[in-house]
Amino acid sequence: MKIAVCVKEVPDSGPARKIDPGSKRIDRSGERTLNPFDLNAVEAALKIREAAGDGEVVLISMGQPKALESIRKALAMGADRAVLVSDDAAAGSDLVATSAVLAKAIEKEGAELVIFGQQASDGDGAVMWAAVADRLKMPVISQISELEVSGGNVKAKRQTEFGYDTIEAAVPAVLSVSDAVNEPRFASLKGIMGAKKKPQDVVSLADVGVDAGEAGEAGSKTTVLNLAPPPSRGETVKVEDDGSGAQKVLEFLMERKYV
Amino acid sequence: MSTLVFLEHNGSTITKGSLGVLGKAASVDPDTAGVLVGSGVAGLADQAGKYGAAKVFVIDDASLEAPLPQPRVDAIAGLVQAQGFDNVLFAASVLASDIAGGLSSRLGAGLNWDLGDITNDGGELVGRRSALGDTVLVDVGWTATPRLALFRAGSFDPSESGAAGAVENASADVQDFSQGAKLTAQDQEESSGPSIEEADILVTGGRGVGSPEAFSELEDLAKALGGAVASTRAVVDSGWYPYATQIGQTGKVVSPKLYIGAGVSGAIQHKVGMQSSQTIVSINKDGNAPIFEFSDFGVVGDLHEVVPKLTELVKERKG
Ligand SMILES: Cc1cc2nc3c(=O)[nH]c(=O)nc-3n(C[C@H](O)[C@H](O)[C@H](O)COP(=O)(O)OP(=O)(O)OC[C@H]3O[C@@H](n4cnc5c(N)ncnc54)[C@H](O)[C@@H]3O)c2cc1C
Ligand SMILES: Nc1ncnc2c1ncn2[C@@H]1O[C@H](COP(=O)(O)O)[C@@H](O)[C@H]1O
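These protein sequence lines are chains A and B, in that order. According to numbering that gives the first Met the number 0, the residues represented by the first sequence are 0 to 258, in order. According to numbering that gives the first Met the number 0, the residues represented by the second sequence are 0 to 318, in order.
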């Protein structure tokens with residue numbers, strides 16, 4: 000079975016992330032990494048391929064050319080190859096534009112199973128799979144915490160606001176997996192050495208059959224109007240634990256009269 | 000301008016979140032309708048009218064029984080096209096997010112998510128959200144209609160406005176692929192044991208705790224402080240701790256006097272369940288963890304070192 004895994008490069012976590020006030024887009028100049036949630040999607044795909052004994056895991060991504068450096072992490076884990084759609088005309092794509100591009104790239108691959116991470120750590124949308132599934136006209140199951148794939152059938156368990164659902168579908172299907180579905184493997188040294196040599200195609204919008212007007216700002220239907228700092232919540236006292244961390248917490252709790 | 004609000008229901012009640020969005024929508028646009036989608040849901044329409052819907056559309060069909068998104072995309076897309084709604088608003092949930100994402104593709108419509116507020120700026124809607132782990136406030140807009148929006152869980156409280164609105168039936172044209180995913184079981188989890196909503200002090204363990212066994216470290220601390228143990232989705236979905244203890248969007252909303260997070264990263268979906276805690280203390284070995292952004296006191300360190308020591312110190316202090 001051919002499995003497509005959608006992966007995204009994101010700014011590294013923490014306060015380093017910021018929005019560029021000029022372009023009002025996420026500042027992409029700092030440290031970059033693969034969206035940590037996508038590692039669970041890669042792991043899920045590798046497990047399915049291994050259980051079946053054959054098949055191919057193709058990474059699909061849209062981003063800047065240098066995103067390949069982050070994507071190699073998933074190749075090192077064991078994915079077979081990568082397709083990165085990279086085009087100046089794709090910059091500033093919102094959900095409508097990005098889902099159009101990803102769907103076309105997946106269609107071109109003819110993947111039977113498409114797997115997403117639970118959310119992109121920069122945008123926190125957790126909506127991309129639903130948008131892509133509608134374009135591909137495939138059933139979708141999201142937020143999967145337990146996954147079984149066998150004989151072209153998917154059985155999944157997932158948490159909602161009201162408890163747990165068990166949902167089944169036949170392939171072709173689109174899935175998104177939660178960060179509890181598995182424990183992503185670490186890449187072996189051999190995997191890391193081999194990753195560079197695996198096929199990694201950087202393709203344009205035209206290559207996947209998307210008109211420039213459908214992507215980037217031209218194809219987007221949302222816009223950022225204004226940026227402001229959030230209301231401040233008061234000071235955070237942050238200490239490094241040098242052995243006295245617990246003592247310092249105790250003092251803080253005493254000061255606030257919790258102890 | 001005209002606005003449609005998706006009214007999510009569980010059993011025979013419409014969720015508080017969607018009634019809250021309905022009320023907000025009605026205050027921004029008087030021409031606001033709600034839509035109920037399901038099987039045997041007509042009886043819920045009155046509830047919605049009381050919370051601000053001038054009209055409630057009911058799409059009742061056996062194929063819409065299971066709470067799955069794709070048949071609802073078909074149903075709502077049909078209604079939006081037939082009625083020409085300018086805005087379609089949702090209270091974020093697992094189901095609503097998937098519907099909104101699907102509708103975005105179906106209608107070629109822009110979707111803004113994680114909104115905490117919305118205003119009507121002379122016929123143009125402006126949404127307000129916080130982004131990047133709530134380190135920046137962003138005003139967002141749409142360049143075309145229909146406009147789609149998902150509001151962050153708990154953004155608005157429902158308020159009864161009185162008069163019940165008109166009810167109108169609509170039909171759904173459910174496509175084949177939309178019926179490909181089938182709900183085969185549903186467990187509504189009953190919470191048992193002490194409720195985390197009642198506790199004044201919550202010691203919350205995240206995936207950083209490392210194993211179900213190590214939760215005993217947190218239980219000891221909670222006991223010493225006179226509190227209860229809570230958890231994150233990652234912990235619950237891994238089967239380490241019961242669902243009834245989960246804080247967050249798909250768990251409980253709590254506001255204890257003291258929240259101590261150990262090995263919790265502080266994801267937005269967790270934060271919406273605990274941000275109104277009076278005091279927030281966190282222990283995380285990653286100094287960049289988002290939880291430090293909204294903690295009063297943070298320790299960058301290994302929880303397996305800090306938590307047992309803290310338990311001993313608290314016990315000593317209490318004698
Ligand atoms: C639709 C949707 C709904 C969701 N609903 C919820 C919800 O209701 N509740 C919820 O909690 N989440 C929810 N989530 C998931 C949420 O996005 C996060 O994935 C989840 O909260 C992460 O849990 P965590 O903090 O335990 O784990 P992680 O994010 O993995 O964080 C673990 C942390 O532990 C730290 N750590 C590791 N080892 C140690 C150590 N020895 N000492 C100290 N620190 C250590 C790490 O640095 C890390 O910061 C939802 C997600 C989606 C998409
Ligand atoms: N630009 C992108 N390229 C490839 N995959 C993406 C991209 N953006 C989002 N995704 C996928 O969609 C998932 C959810 O993203 P989001 O809806 O943006 O939170 C991620 O975990 C990825 O699997």
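For the record, the hints were derived by calculation from the structure and aren't laboratory data. Cβ coordinates follow ideal geometry from the N, Cα and C atoms, glycine included. Just to be clear, a hint being listed does not mean it is correct.
As the list claims (entries may be wrong) - Reference listing, derived: stretches of chain A covered by chain B, where coverage requires no fewer than 3 residues with Cβ under 8 Å from a Cβ of chain B:
{"id": "1", "region": "48 to 58"}
{"id": "2", "region": "125 to 139"}
{"id": "3", "region": "151 to 162"}
{"id": "4", "region": "217 to 225"}
Hints, one by one, checked against the model:
no., hint, verdict
1, 48 to 58, "violated (count 0)"
2, 125 to 139, "holds (count 14)"
3, 151 to 162, "holds (count 7)"
4, 217 to 225, "holds (count 7)"
When held up to the earlier numbered hints, the structure conflicts with hint 1 and nothing else.
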